[in-house]
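So the protein sequences, as listed, match chains A and B.
Heads up, the first sequence is in our numbering, so the first residue is 1 and it goes up one at a time.
Heads up, the second sequence is in our numbering, so the first residue is 1 and it goes up one at a time.
These are computed hints drawn from the structure, not numbers from a lab.
One or more of the hints may lead you astray.
Claimed, not checked - Covered stretches of chain A, going by a simulated chain B footprint (3 or more residues, C-beta under 8 Å):
{"no.": "1", "region": "65 to 71"}
{"no.": "2", "region": "74 to 82"}
{"no.": "3", "region": "148 to 155"}
{"no.": "4", "region": "159 to 169"}
As the list claims (entries may be wrong) - Derived coverage of chain B by chain A (criterion: at least 3 residues anywhere in the stretch with Cβ under 8 Å from a Cβ of chain A; other residues may be distant):
{"no.": "5", "region": "18 to 27"}
{"no.": "6", "region": "43 to 50"}
Bear in mind that the values here come from a model prediction, so they are computed numbers and not experimental data.
Note that the Cβ used here is the ideal one computed from N, Cα and C, for glycine as well.
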Amino acid sequence: MAEPSVSDAQLIARALVTDDRHAFAELVKRHQSSVRACLRKLAAGNHALADDLAQETFILAWRNLASFRQEARFSTWLYRIATNCWLAHNRKRREELLGDRVDAVADGEDETMPHSDDLHADHARGAALKLDLERAMGALSESERAAIVQCYHNDLTHEEAAYVLDCPVGTVKTHVLRGKQKLKAALAAYAR
Amino acid sequence: MTTNNPFPPAPPAADDAWLDDLLVAEGVAARAVYIDDAGFTARVVEALPSAVAAPAWRRPVVVALWGGAVIALVMAMPTFFVELLGTADALLSLQPFSLASVGVALVTLLALTWGAAAYSLRG
């Protein structure tokens, strides 16, 4: 892909100094796909929720643009805001569900992942695997899912993931390891 | 939508490599897909909070207040300011450069600063 003629840093400066909404719109256009994809993964495929959170992410980015210190890439900073939006949404949802519903949801998540009997053809097997992976990801804890999404889906280093998740690098590694152990157990049928 | 299967068939491996391969392949496949904007950017820009605009009267009032403060200060200490101006004049008359050259230097410096800012923010 060709390098854009105007860098992210220049667009950020224009948006900050001259309150240029067109410059910010260009930033949104550049990063909307990756941010929405990240949130779709975090939201376990709920596209409507992911897009709402993506919109919230960019509005928060606009409001806090002055606090962006270029200590990370702009995309990484956006992932950090997006992940915080997702976590805040989950907290709010948990508060709403507090009580009997929480146990029911947790019990449901612990069930062994069902999978199709017809797994002989590679394509069918791949499709079923994709579906089961998505469901298994949905059963991980927030921290484990967020760590795996940042490291594998967004291809960030452990250091970048630690910045996004606002925790030490060692904690990221632990979350990734635990998440992978759970995924391995949930997808054990495919490893035979 | 491509018909290629981005997910490798799960190998009968005893270690974790198959899961790592699966996650990496899934990430690569996901990053290769571009989510069409489909009006998303327009919705975001529409929802951006508007900047808090300062009222029209603010600027002249601020200028008038500063002007009033300076005049009050000069009137309160007239001898101090007369002495200050006299000292400044004496110092400048001892220098090898004229007031005009100082002015030119200042204008050049301002033009360079403005030019550098305009260049860095160019579209």
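Okay, the hints, checked on the actual structure:
Residues of the region 65 to 71 of chain A lying with their CB closer than 8 Å to a CB of chain B number 0, which falls below the three-residue condition for coverage. Using a Cβ-Cβ cut-off of 8 Å, 0 residues of the region 74 to 82 of chain A lie near chain B, which falls short of the minimum of three, so the contact claim is violated. Interface restraint, the region 148 to 155 of chain A with chain B: holds (5 residues with C-beta to C-beta distance below 8 Å; minimum three). Chain B is given as covering the region 159 to 169 of chain A, and this is violated because 0 residues of the stretch bring a CB closer than 8 Å to a CB of that chain, at least three being needed.
Under the rule that three or more residues need a Cβ within less than 8 Å of chain A, the assignment of the region 18 to 27 of chain B holds, with 8 such residues. Residues of the region 43 to 50 of chain B with a Cβ under 8 Å from some Cβ of chain A number 6, which satisfies the need for three, so the listed coverage holds.
Violated hints, in rising order: 1, 2 and 4; the structure is consistent with all others.
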